[in-house]
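Taken in order, these protein sequences are the chains called A and B. Just so it is clear: in the first sequence, position 171 is 171 by the UniProt record's numbering, and no numbers are missing. Just so it is clear: in the second sequence, position 2 is 2 by the UniProt record's numbering, and no numbers are missing.
Do not rely on the hints blindly, as some may be mistaken.
[Said to hold, decoys possible] So the derived label-pair ranges between C-beta atoms look like this: (1) L252(A) / L45(B): 35 to 41 Å; (2) F38(B) / M285(A): 45 to 51 Å; (3) G52(A) / L50(B): 36 to 42 Å; (4) I158(A) / S51(B): 48 to 54 Å; (5) S177(A) / A17(B): 35 to 41 Å; (6) G176(A) / R52(B): 57 to 63 Å; (7) A266(A) / T41(B): 48 to 54 Å; (8) G176(A) / S51(B): 37 to 43 Å; (9) I42(B) / G309(A): 28 to 34 Å.
None of these hints come from the bench; they were simulated from the model. Built from N, CA and C at the ideal position, the CB exists for glycine as well.
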Amino acid sequence: MTSLTNTIGPDAPAPAFTAVGGDVPDYFALLKPRVMVLVIFTALVGMVVSQGHVAPAIGVISLLAIAVGAGASGCLNMWWDADIDAVMTRTAQRPIPAGRISSEEALGFGLFLSVASVLVLGLAANWLAAGLLAFTIVFYAVIYSMWLKRATAQNIVIGGAAGALPPVIGQAVVSGSVGIESLVLFAIIFIWTPPHFWALALIKAEEYARAGIPMMPNVAGPASTRRQIVWYSIFLAPLGLAPVALGFGGLLYAVIGVVGGVGMLAFSVRVLKNREGEAEKRAAMGMFGFSILYLFALFSALLAEQSFGLFRPLV
Amino acid sequence: MADPEIPQRQLTPAEEARRRKRSIAIALALGAWVLLFFVLTIVKLGPQILSRPL
Numbered sequence: 001m002t003s004l005t006n007t008i009g010p011d012a013p014a015p016a017f018t019a020v021g022g023d024v025p026d027y028f029a030l031l032k033p034r035v036m037v038l039v040i041f042t043a044l045v046g047m048v049v050s051q052g053h054v055a056p057a058i059g060v061i062s063l064l065a066i067a068v069g070a071g072a073s074g075c076l077n078m079w080w081d082a083d084i085d086a087v088m089t090r091t092a093q094r095p096i097p098a099g100r101i102s103s104e105e106a107l108g109f110g111l112f113l114s115v116a117s118v119l120v121l122g123l124a125a126n127w128l129a130a131g132l133l134a135f136t137i138v139f140y141a142v143i144y145s146m147w148l149k150r151a152t153a154q155n156i157v158i159g160g161a162a163g164a165l166p167p168v169i170g171q172a173v174v175s176g177s178v179g180i181e182s183l184v185l186f187a188i189i190f191i192w193t194p195p196h197f198w199a200l201a202l203i204k205a206e207e208y209a210r211a212g213i214p215m216m217p218n219v220a221g222p223a224s225t226r227r228q229i230v231w232y233s234i235f236l237a238p239l240g241l242a243p244v245a246l247g248f249g250g251l252l253y254a255v256i257g258v259v260g261g262v263g264m265l266a267f268s269v270r271v272l273k274n275r276e277g278e279a280e281k282r283a284a285m286g287m288f289g290f291s292i293l294y295l296f297a298l299f300s301a302l303l304a305e306q307s308f309g310l311f312r313p314l315v
Numbered sequence: 001m002a003d004p005e006i007p008q009r010q011l012t013p014a015e016e017a018r019r020r021k022r023s024i025a026i027a028l029a030l031g032a033w034v035l036l037f038f039v040l041t042i043v044k045l046g047p048q049i050l051s052r053p054l
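Just chain A, same shape as in the assembly (with noise of 0.2 Å):
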């Protein structure tokens, strides 16, 4: 792998053009508003499948500080990530990178964001859902940017616990403990990760390479990969089904997981065919989209099912 030395973290070289400070989308941008709005729509699924009651305003409050939480980690991230960022074509316009914001300015903005999201949760919900999003911004800014993500193959995979824990964050602020529910929709999200990742990686490997990040497709091969991104969809499918099994997915969740959990192998066999040319990209693309679409349909079936009487129960 190529040498990293000076060239990593903010002691990276500083861009050209030195900023003077961004406009106020720059620093929306250092949020990751996509990643956000993901989190509290899982938080939100956490939540309505909880047993126990909040007020609205207090579960409205809590959203938000898990989702600026989130947001805070996205920042850190970015300014731990400059460099690469920097290298790669769908990161180098963002803010830092860019030199629209300073690596300086985006620390403070994280840190603030932090410890604000932390407290705001504690004050509202209740210290165990505080501890968890300080655990997860941590998580992601520390154990995942700063160590797992240069360091090894299996970055995404473990990096991908911080990706999951939204749900269980929401159901400690309902019940004020963390239950099956909740963990089993952290292990679904938490094995949907690399399939998801690897399939963007595939395509993406020769910027990851030059970035010096050991995505899995640079370090074990493309190959590799794509088995294991069929080994993942093979545990993945049969684990979307298990809310249906615990009884708290009932009829349209488990319509949605078995369909869902078929197309997932489907395009993961897919990806496994189509190894050259136009037919990989449009392979792995395809994989990564509807991995997505997967994920959004298996929670809005929770969330239609909890929140507006669709529950029809099979177990």
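Got chain A; can you put chain B on it based on the hints?
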């Protein structure tokens, strides 16, 4: 306060405009922060606060 040892330069009109927008955004965020804590306090107190013995 600016360090007299470090030469300062005039901000361009575009930079001034950006700084002004940032200042407004910070003011709005601080206002929202105060409102959030106000709402939180009222909700935490609950309706019982109105029927407490005086």
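Hints versus structure:
no. : hint                         : result
1   : L252(A) / L45(B): 35 to 41 Å : 39 Å, holds
2   : F38(B) / M285(A): 45 to 51 Å : 48 Å, holds
3   : G52(A) / L50(B): 36 to 42 Å  : 25 Å, violated
4   : I158(A) / S51(B): 48 to 54 Å : 52 Å, holds
5   : S177(A) / A17(B): 35 to 41 Å : 50 Å, violated
6   : G176(A) / R52(B): 57 to 63 Å : 25 Å, violated
7   : A266(A) / T41(B): 48 to 54 Å : 53 Å, holds
8   : G176(A) / S51(B): 37 to 43 Å : 26 Å, violated
9   : I42(B) / G309(A): 28 to 34 Å : 31 Å, holds
The structure is inconsistent with the numbered hints 3, 5, 6 and 8, although it conforms to all the rest.
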